[in-house]
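Engineer: Whole structure, please, built from the sequences with the hints as guidance.
For the record, the sequence lines run as chains Y and H.
If you're matching positions, the first sequence starts at 86 in our numbering and goes up one per residue.
If you're matching positions, the second sequence starts at 1128 in our numbering and goes up one per residue.
Honestly, the hints are just simulated from the structure, not real lab data.
Heads up, the beta-carbon is just placed ideally off N, CA and C, and yes, glycines get one too.
Please note that the accuracy of each hint is not assured.
Said to hold, decoys possible - Quick partial rundown of chain Y residues pointing at chain H, CB under 7 Å, derived from the structure:
#1 E152
#2 L197
#3 S199
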Amino acid sequence: MGSARNALSMHVLLGVGGSELSYQALDETIDRAREAGDDLTVAVFNNEEMDTDGKAIEQRVRETLDEAKFEAAIRHIDGDPGSRLVDIAESEGFDRIVLGSGERSTLGKIQLGSIAEFVLLNAQTPVTLIR
Amino acid sequence: MIRHYPDEPAGPFPAPPRQQSDREERSIQFRRADVTDRTALIEMYTQFDPADRAQGIPPARETAIERWLETILDDDCFNVVASHDGDLVGHATLVPDEQDGYELAIFVLSAYQGAGIGTELVETLLGLGQSEGIDRVWLTVERWNDPAIALYRKVGFETANSERFELEMSIRLA
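Structural biologist: Quick look at the structure:
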């Protein structure tokens, strides 16, 4: 880890599904984790709305972590990403779920994806939405 | 992402310019707008009731409004405004997506809502779209926004996707 754990440190579960906002969420989560001494787990999933590929996402996540010189666990989740994120956070004692969502159309309207919606409505932990 | 559209075209819709009396007997002009209306639109949007914002637009701060208008007043977009006594009271826009469709949005100042202006604005914009050869239009609307959903349905929009936070509706023009 880049910094010592302290009273504010959290176990953070970050979902990355390959959207631009999910990579932005990765950058911001690394920054905060370094400051606060958070323990970060990155959960990679295939976002059907994005037509992304788990391997490519993992590679980009790894490169980002390497560049930031920050260590985090990476794992893949299968099945419905929203419900799996909620399950993992609950059963493994994470303090917070972080997700990037809320892309803007060209016209400027913010649209929340179905995965983010599910997590916001069903998580037992606090959720940080990066948008 | 694949967007769904109704099989049958709706319309025909009336093209601008038009003049109509609203339900409060106000004479409302509907006409095509472009980048020369920028200043008047900024003025309208700075008066916009924050409670009437939807999904992040119109933006709140004037600099953000200016940036947003730059996008939607671009040459590849189509815009119609409603005016009363020379002041803009409503605006509707069509912005191209990446799949030959157009996204629609509409805004009416609160003092002019509930008088039928929104319906006329949408119909006039779709009329402009038809005359410009646009055949597919979609929009998203917050699921709890019953007046807006009723308006879009009346005009001919159908539900395209109801599985997301926002309801997606679409219409075929040709």
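Engineer: For this structure, which hints from the list above don't hold up?
Structural biologist: Failing hint: just 1.
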